[in-house]
Amino acid sequence: MKGRGAATLESTIAYTVLGVLAIVVLFPFYWMIVTSFKGEDQMRSVVSMFWPKPFAIENYQLLLAKTEFAAWYGNSVFVAVSSTLLATAVGTIGAYALARLKFLGRGFMASATLITYLVPPSILFIPLYKQMQGLGMANSLAGLIAAYPSFTVPFVTWLLMGYFESIPEELEEAAMIDGATRFGAFYRIVLPLSAPGVLAAGLYAFTQAWNEFLYALVFITDGKLRTLPVGLASFIGGDGYGWGYLMSGAVLTTLPVIVAYIYLQKYMVEGLTAGSVKG
Amino acid sequence: MAVPAAELRSKAVVSGSGTVGLRRVLGPDYRMGYLFVLPIAICVLSLVAYPFCYAIYLSMTHKLVGMPPIFVGFENYIRLTWDGFFQRAVVNSFIFTFGSVIFKLGLGVVMALVLTSRIRWRSFWTGVLLVPWVAPTVVSALNFLWMFDGSLGVLNYLLVRVFRILPQGVGWLSEPGTAMASVVAVNVWRGFPFFGISFLAGMKAIPGELYEAAAVDGANPLQRFRHITLPGIRNIMIIVVLLSTIWTFNDFQIIYILTKGGPGGTTMVMPVFTYETAFGAQRLGEAIAVALYLLPVLAVTIMVLARYMRQGRRR
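Sequence order for the protein chains is C and Z.
Position one of the first sequence corresponds to residue 0 (numbering that gives the first Met the number 0), numbered consecutively onward.
Position one of the second sequence corresponds to residue 0 (numbering that gives the first Met the number 0), numbered consecutively onward.
Quick caveat, the hints were computed from the structure, so don't treat them as lab data.
Ideal placement from N, C-alpha and C gives every residue a C-beta, glycine not left out.
Hints may contain errors.
One-sided excerpt, in silico: chain Z residues whose CB lies under 10 Å from chain C [to be verified]: (1) 20; (2) 24; (3) 33; (4) 47; (5) 48; (6) 112; (7) 148; (8) 151; (9) 153; (10) 251; (11) 256; (12) 300; (13) 305.
Quick list of in silico lysine-lysine cross-link-like pairs, DSBU-like style, CA-CA up to 35 Å [claimed, not checked]: (14) C:65 <-> Z:203; (15) C:52 <-> C:65; (16) Z:203 <-> C:265; (17) C:223 <-> Z:203; (18) C:129 <-> C:52; (19) C:65 <-> C:223; (20) C:52 <-> C:223; (21) Z:259 <-> C:129; (22) C:101 <-> C:223; (23) C:223 <-> C:129; (24) C:101 <-> Z:259; (25) C:52 <-> Z:259.
Assemble the whole structure, with the sequences as input and the hints as a guide.
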């Protein structure tokens, strides 16, 4: 009886803590969505604070018709998708080489990649900006796509190195004894087995590129070429009652990341725990 | 490997042919290895190593936007050392970083503990608590900017009108007394799930028999936590704390969006100071000196962290 009492107490505490944490975590998003559906009249008054009344979609209409939000959305999709494909391709083959192949300098490259992953963007953004300027790529989406591998590639590589190392080497050896080449063993055996890991790594690369702020803020000077995070931030301080359409923009910016996350949560959580810091 | 090393060696001795000799020096998989690593190498060299060296050079110049750089040695660093605004940014950066990391550590442990306890829908709860980590930081920062708003913000509405804790609203981000605590809160909110999920993975790896044995020996929950759980996740804790320290110290967007360093410089941290010096005051050389000022500390942290991370992988 004593054991059961302790167990009940334990789960009561656990559920209470979970409930509080969940409210703290989700409230800002709830508030974002509610605000985005409030009309201007309701914003000025404090009537029905916690629910839109009436339910207004004027913020979304205003956002899409009167601002450059749609263009920014296109820019963000283009930049994030391109840099994700690039980072995933480069990171996958690189991680395989660093995890499995035997060649001189492998250990050095593995360390260099890891250290690169740890170098913060705040010390790289000015020289990278000068570099892109020198190449005539500042103020262009190409410049962002060229700069984003500085953080996406080391991250994807590091994540997938852990993944590849966890796949038994005997599988490849067996395939090579049966006549497969080294590349064949990688392409036909390891790659299909690592599909969940590659997917998780790709998703993280996508969210990183989608969320990136500093480079996009510094590189892009043309208002039409902004990405979503910088575009959204540029709404601040417009007019005092601009919160409605700012929040509708925030909702639309969060949407793809959260939808992908809900569908692929299992892979992302596993990828993060198995790959980035393994105990 | 398909070809045993000994066989390889004997082949090299017998034939002495170029390819086999190269294989001996460069390793059996050198062709595919170098081919596969080449893109990463280009990326690391052109996007990190070169800009990094260029940054060190620029930090030793007087560089105004649109003018050629003039080499001045360590002048920027020396000037900064005695600059009151810079000193304040350094102090603020440390307050912001350590304040945030301590709370993230505490909340992360709590999150991992409740997620490993007897609950249903574990993966659902894990998914919910990870949301701040996945959502775009700019969006989260804007949400808090709106909630913290002095006149129309929901936080004041809740505290004053609903719960009646405060007599009147507070300008969370516009008053010097509360601005730093507010930006720390946002950073903690966004970052604690990463601590939690990492500790969760570490706790799952601790063998259950250890807890059973401790229970048989009469250890209470607190003792079990201190003597089994904590040592079990020690290495992960070190990694996560160091990683988060680097990230938090260099966090730009939360503070840039919430306060831009204000009010009156109370939340001015080094990354925002760097940005303002470069693109507000247009002094690039000095701006990079700000960013690189604590490079020795950063370098040591990165080296220690990289060691732990590689060790963690090898086990």
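Against the structure, the hints:
Taking 10 Å as the C-beta cut-off, the interface hint given for residue 20 of chain Z is violated, the closest approach to chain C being about 13 Å. Annotation: residue 24 of chain Z was flagged as interfacial toward chain C, and the flag holds, the nearest CB pair being 7 Å apart, inside 10 Å. The closest approach between the C-beta of residue 33 of chain Z and any C-beta of chain C is roughly 6 Å, which is under the 10 Å cut-off, so the hint is satisfied. Restraint check, residue 47 of chain Z versus chain C: the minimum CB separation of about 5 Å is within 10 Å; hint holds.
Contact between residue 48 of chain Z and chain C, as hinted, is supported at the beta carbon level, the nearest pair being about 8 Å apart and thus within 10 Å. Residue-level restraint check for residue 112 of chain Z holds (minimum Cβ-Cβ distance to chain C is 8 Å; threshold 10 Å). For residue 148 of chain Z, the shortest C-beta to C-beta distance to chain C is roughly 8 Å, which falls under 10 Å, so the interface hint holds. Checking residue 151 of chain Z against chain C: minimum C-beta separation of about 7 Å stays under 10 Å; hint holds.
For the restraint placing residue 153 of chain Z at the interface with chain C, the shortest Cβ-Cβ distance is roughly 6 Å, inside the 10 Å limit, so the hint holds. Nearest Cβ of chain C to the Cβ of residue 251 of chain Z: about 5 Å, under the 10 Å cut. The hint holds. The interface hint given for residue 256 of chain Z holds, since its Cβ lies 6 Å from the closest Cβ of chain C, which is under the 10 Å cut-off. Because the closest C-beta pair between residue 300 of chain Z and chain C is about 8 Å apart, less than 10 Å, the hint holds.
Below 10 Å, beta-carbon pairs count as interface contacts, and residue 305 of chain Z has one with chain C at about 5 Å; its hint therefore holds. Simply put, residue 65 of chain C and residue 203 of chain Z have alpha-carbon atoms about 51 Å apart, too far for the 35 Å limit, and the pair is violated. Distance restraint check for residue 52 of chain C and residue 65 of chain C: the Cα-Cα separation of roughly 24 Å lies within the 35 Å cut-off, and the hinted pair is therefore satisfied. Under the criterion of a C-alpha separation no larger than 35 Å, the hint pairing residue 203 of chain Z with residue 265 of chain C is consistent with the structure, at around 16 Å.
Using a Cα cut-off of 35 Å, the hinted pair residue 223 of chain C and residue 203 of chain Z is violated, with the two alpha carbons roughly 48 Å apart. Between residue 129 of chain C and residue 52 of chain C, the direct Cα distance comes to roughly 50 Å. Violation of the 35 Å bound is thereby established for this hinted pair. For a cut-off of 35 Å, the pair hint linking residue 65 of chain C to residue 223 of chain C stands: about 13 Å separates their Cα positions. A hinted pair counts as satisfied when its Cα atoms are at most 35 Å apart, and residue 52 of chain C with residue 223 of chain C qualifies at roughly 34 Å.
For a cut-off of 35 Å, the pair hint linking residue 259 of chain Z to residue 129 of chain C stands: about 23 Å separates their Cα positions. With a C-alpha separation of about 48 Å, the suggested pair residue 101 of chain C and residue 223 of chain C falls outside the 35 Å cut-off, and the hint is violated. Straight-line distance between C-alpha atoms of residue 223 of chain C and residue 129 of chain C comes to about 21 Å, which keeps the hinted pair within the 35 Å bound. For a cut-off of 35 Å, the pair hint linking residue 101 of chain C to residue 259 of chain Z is broken: about 49 Å separates their Cα positions.
Of the pairs offered as hints, the one joining residue 52 of chain C and residue 259 of chain Z holds, with about 34 Å between alpha carbons and a cut-off of 35 Å not exceeded.
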